[in-house]
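**Q** Listed below, chain by chain, are the residues.
There are 4 protein chains.
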Amino acid sequence: MGMVGGGIGAFIGAVHRMAAALDGEIELVCGAFSSDPEKSRLSGAQLYLPPERVYGSYEEMILKEKTLPIGERMDFVAIVTPNHMHFPPAKMALENGFDVVCDKPVTFNLTEAKELAEIVQKSGRLFALTHNYTGYPMVKEAREIVRSGRIGKVRKVVVEYPQGWLATLVEATGSKQASWRTDPTKSGAAGCIGDIGTHAENLAEYITGLQITELCADITAFVPGRKLDDDGNILLRFNNGAKGILQASQICVGEENNLNIRVYGETGGIWWHQMEPNTLELTLIDQPKQLIRTGVGQLSAAAQAHTRIPAGHPEGYLEAFANIYRNFARTLRSRLKGETPDPLYTDFPTIEDGVRGMAFIEAVVAASASNEKWYPFAK
Amino acid sequence: MGMVGGGIGAFIGAVHRMAAALDGEIELVCGAFSSDPEKSRLSGAQLYLPPERVYGSYEEMILKEKTLPIGERMDFVAIVTPNHMHFPPAKMALENGFDVVCDKPVTFNLTEAKELAEIVQKSGRLFALTHNYTGYPMVKEAREIVRSGRIGKVRKVVVEYPQGWLATLVEATGSKQASWRTDPTKSGAAGCIGDIGTHAENLAEYITGLQITELCADITAFVPGRKLDDDGNILLRFNNGAKGILQASQICVGEENNLNIRVYGETGGIWWHQMEPNTLELTLIDQPKQLIRTGVGQLSAAAQAHTRIPAGHPEGYLEAFANIYRNFARTLRSRLKGETPDPLYTDFPTIEDGVRGMAFIEAVVAASASNEKWYPFAK
Amino acid sequence: MGMVGGGIGAFIGAVHRMAAALDGEIELVCGAFSSDPEKSRLSGAQLYLPPERVYGSYEEMILKEKTLPIGERMDFVAIVTPNHMHFPPAKMALENGFDVVCDKPVTFNLTEAKELAEIVQKSGRLFALTHNYTGYPMVKEAREIVRSGRIGKVRKVVVEYPQGWLATLVEATGSKQASWRTDPTKSGAAGCIGDIGTHAENLAEYITGLQITELCADITAFVPGRKLDDDGNILLRFNNGAKGILQASQICVGEENNLNIRVYGETGGIWWHQMEPNTLELTLIDQPKQLIRTGVGQLSAAAQAHTRIPAGHPEGYLEAFANIYRNFARTLRSRLKGETPDPLYTDFPTIEDGVRGMAFIEAVVAASASNEKWYPFAK
Amino acid sequence: MGMVGGGIGAFIGAVHRMAAALDGEIELVCGAFSSDPEKSRLSGAQLYLPPERVYGSYEEMILKEKTLPIGERMDFVAIVTPNHMHFPPAKMALENGFDVVCDKPVTFNLTEAKELAEIVQKSGRLFALTHNYTGYPMVKEAREIVRSGRIGKVRKVVVEYPQGWLATLVEATGSKQASWRTDPTKSGAAGCIGDIGTHAENLAEYITGLQITELCADITAFVPGRKLDDDGNILLRFNNGAKGILQASQICVGEENNLNIRVYGETGGIWWHQMEPNTLELTLIDQPKQLIRTGVGQLSAAAQAHTRIPAGHPEGYLEAFANIYRNFARTLRSRLKGETPDPLYTDFPTIEDGVRGMAFIEAVVAASASNEKWYPFAK
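Protein chains in written order, with the working numbering: chain H, 1171 to 1549; chain Y, 1171 to 1549; chain B, 1171 to 1549; chain X, 1171 to 1549.
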């Protein structure tokens, strides 16, 4: 694996590296960690990389690595830069024969996303998007429960992603994390909705297998001086007639990273909270609520395949993230060997999820500005 | 206290009686428990009332009791009939000199509610509406925290009231509770929104001290054959610029009576769940979350005055309901003695809350039918 | 009902009155609320009792009431004084033909308890002891689950009752509640163990249907200046070979009234916490944990008969306490009518529980002082 | 790192590898994964190790690796075999100049442990014991809170480690995990007490900074046919006068891996549960309970240094385990460079903890067999 971005001080780059390393199936072999070559060099040294494989730019990395023999060169590129810098390295990597793992949202805007989808298709390369929350075993169990029909036809979905860390003008205090996320030239058309709202949208569609077809949005920049939305309340309508609510916020003081979802069907309901990810609540009509737990009892093959340790030994965010990487690596390895990959491990978000996420962002921004009640959301 | 409605098999009548009895300050002395005189008689006998004070109709009760000397006759009337039967006995009681406690929503429609408000005013009588959830000590503590400014200006409110008991066509199975609530001739223009959505609206405005000024609604009757909404998703805008979400539902399988509210201000957030009512969560910015508990530490005078037993001895729904009755009774007693009532005990919902609730119902129904995004909500 | 004790400022007297009043089946008609006649008079006036039925002493009350015709006089006596004042009024009431409800622990010492048991038997009167925690519907459900064999033979029981309110020398600050509970001349041989340890013992034996046969105890008075134990750690052995732990404490800062119990059998386990009393956790081997909830689904007849309101409307301490009173009153009423009482309502703690509780206190105190590891506990 | 044990099918070996890999600071370079050379070879191949560094025995590994130049050879040995096979490779590694990470309990018996302690001292090598639960940031925060005096002098400690996976005779079903743990020739003198009771003991002493001086134990083998204890209830006395309870069990149906601790001091109490490890509850006297959370607000330097990702992104068991490895690696690296290690990263369990754990096991087994109430526990 070669990394683009993720130099000293970055949050998500370190996450990608830990996630990739966890299972001992992926090795970081090179990187272009910063657009500042000196910073890239320092970052690479901290990561115990040989100097010759720490590059000053992603272009250099892709071109030089391409010259190495297969087996020696990086097998794929991981892109962990801010949103506006996803498209260029992804395009270049794919066009030079490298598979790609990319952070979300996939690009700066929908146009880029669609273009990238075409490049992926033309290249025949694998492309994984790190909508990491779908990597949790209990999220997979939730999807299997819905698929199995145990809760009946879905009627209502409530998905929330409240955070509180941007309740003040943090971007004015020198925070690197806050700065690019609230900067329209780096983050894109939306702030909160792009950063975390897309996770909520992705999670709702992943678990239910449904698609949002219309939405009604009210997004707000609450903090004076902020350039992008830091809060959004959205009504949803799904393609099977279900209705829903999606809210995301970064100004909810006291909320840490409280992604959660409730799905109510005709005969059952499910609840999942990211901050206690190893529990999935399930209630079938007129029965006691069940606490389905990672590692306990008769779980789906999908849930079991994404669990590493026994019940009661909590697995968290990095383990879920690692599931995306491990599945990508296993699928890639099968492909390199000319084998059919095990379908249990081919489940990771792709460019299709990326395009849908960008379409969601643009729909929400437009819907919020509109006086029409319902705005169409179609990829 | 004389009761209208609440005969054998009724749910809310028994609740009112337990709530009124709890503190030993109110005695049930007579009743017209059913429009069926025989059923009223049987109900009265079960309640150990002397036969001569069990009446065949509320009209009879009001007229007969009026002839008794003060001190012997009922001091006030409690109305616990289905919605369409609130207005007539309330009007007659007030116009005959009796104070009134009435279940919610206050009337069948907004017109009646406004008329009743005029009657209350003209009569000079006390009128309490049993929006019982505001009787919980931790709801009062929440209001005091907002008032005190500890969480700063309110930015976002999320209030929910999901239930699951109407996920199937229960009204077709002979359930008395389900039947009238889903019958437009008894319940009014709305089902779920009137039955429980109004509690959510009342709670949000009570705690925040704000008023909802605009809303965008999507209400649904999910269960085939149902005549009124059993679910509603609503975006809110408040008079201080805050935004919010209100959802109520009776088709959420697995939800019991999960009224809950989150209020996020500039410098803090609060959380309260009716099903664990003795805990109020408070997070001030950059500080650990605090669990404020009934009976623990330095609570507001309001919270203390509505708590009966020491910390850790759970108080529940009936105790909160009883707080409404006790406050009404104490205020009435002070008034009868010509004294100024203790302001700690004058806090109970009034006809003003009732009118606002009916306006909310009508606004939501109209908003949901409208293609306009925002619908005004003003009393 | 006539009350002995429970004057102004008492905690448990008010609890008994609310519990007795809740269901409208019991009326407070007289009382000897304090050994100070003036204080008794004031207390009675506050409770709206006619002055002629507010007595200066329990002796006076019992003798005067006895002269009233049946139907007019009190039907039974409720004793809510400190421990050392349970026996005399109980004995006198029983010997004068009155049934009795008595607070726990039943007497000052085991000798008195055994004597009282004989008096109860000889008198043929009903005697209820307010081990109120067994009044919770989910405690009854737990007992039914164990009885049904669903969790198999019980192997291990962990019962805890930590409180924190006596972590400092509160008795030196004028607290009436703290003073008598920490005074050996009023409380008896034990402090914490008598006040709350007996509740834990009673709960464990009630739910499991087992009897403790041996115990190993380590009790402590942690707070300097305290005369009785404020903490106890106890190992248990039961008559079926099960083992267990019982701990009670009043110096656990941060604990409110955290009575809880876990029972593990060969094929299942159950968990119950008094502070969230409407949930009973049940796990059957290799199955997901179930949250059994008051009012939800297929509960035992016993649980249903002790529930007043629908699921999700929390019932608390007073409702559980009221179940003891209601059952006592219904059983008494059946008996007065010469009918066989409904077995659903004959379940309340009796003098047998009282004797066992006193034996427990004496065994724990002796065991703690002993160097022998195991001390026999037999009534 | 070279590994001894942890071949295909082992649980704890995989945990050690993931924990070591997570931070990118440790590389697995060789191993003797099984006493069966073929199984070792297959395991090494699965781990992408070059065949020449997969050894047929730990003796071979140590001797061969020693011949490699420093920088190429393994830097330290990780021992992840069953208990009875800890001592021989540890001794040999240390005596051949390798630092050691060893799973717990440290040896088969106390005699071996003391001998190993001497070997460690003589060798001058680093020795880490993976009492991994002390690696959690909130455990470190708890220790800092106690150290700071915020909860005052500790009075009572309750530490529990209930599991349920051995509620039936699992060792008869071919489970490798169950078999050696319940076999006295591999596990040692105790089953449950050695496997998990030692974690509880270690956690209690780590957080409080106290030492257990006396104990009273009742251990049991509940499952028919089991050769070692599967349950233990223990009363504790500490060197400052505090008292406590320690219980561990593997027959508690429904318990996963529920290690938890409560520490009550004169002015505060703390609560921590391993299954929700990112929350530490703290109550200071007469104040609301605070939920101290990984990543939120003003945490101790120790807690911060052991946290990888922002608040609300749950970190779990592997991350805590990785903290032990990372600290060991950083301390080792400093030492290799001749630098003073950063004291934030020198905190990992050592041979001293190992000796104390073995002494605990032997004391509990002896105490349980004794009729004396109190048994001394001194290293």
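Treat the hints with caution; some may be incorrect.
You can't tell identical chains apart in this list, so a pair holds if it fits in one copy or across any two.
Derived pair list, reagent style DSS-like, types lysine-lysine, alpha-carbon separation capped at 27 angstroms [to be verified]:
{"#": "1", "residue 1": "Lys-1323", "residue 2": "Lys-1397"}
{"#": "2", "residue 1": "Lys-1323", "residue 2": "Lys-1236"}
{"#": "3", "residue 1": "Lys-1543", "residue 2": "Lys-1397"}
{"#": "4", "residue 1": "Lys-1323", "residue 2": "Lys-1507"}
{"#": "5", "residue 1": "Lys-1507", "residue 2": "Lys-1209"}
Derived from the structure by calculation, the hints contain no laboratory data.
The structure displayed is predicted, hence computed values, not measured ones.
**Q** Now tell me if each hint is right for this structure.
**A** Hint check:
For the homomeric pair Lys-1323 and Lys-1397, the shortest alpha-carbon distance between copies (20 angstroms) is at most 27 angstroms, but the shortest distance inside one copy (40 angstroms) is not. With identical chains, the CA atoms of Lys-1323 and Lys-1236 are never at most 27 angstroms apart, being 50 angstroms at best within one copy and 57 angstroms at best between copies. Proximity of Lys-1543 and Lys-1397 under a CA criterion of 27 angstroms is satisfied in both settings, with 25 angstroms inside one chain copy and 24 angstroms between copies. In this assembly of identical chains, Lys-1323 and Lys-1507 lie within 27 angstroms of each other by CA distance neither inside one copy nor across copies; the values are 41 angstroms within and 55 angstroms between.
For the homomeric pair Lys-1507 and Lys-1209, the shortest alpha-carbon distance between copies (24 angstroms) is at most 27 angstroms, but the shortest distance inside one copy (37 angstroms) is not.
Hint violations for this structure: numbers 2, 4, all remaining hints satisfied.
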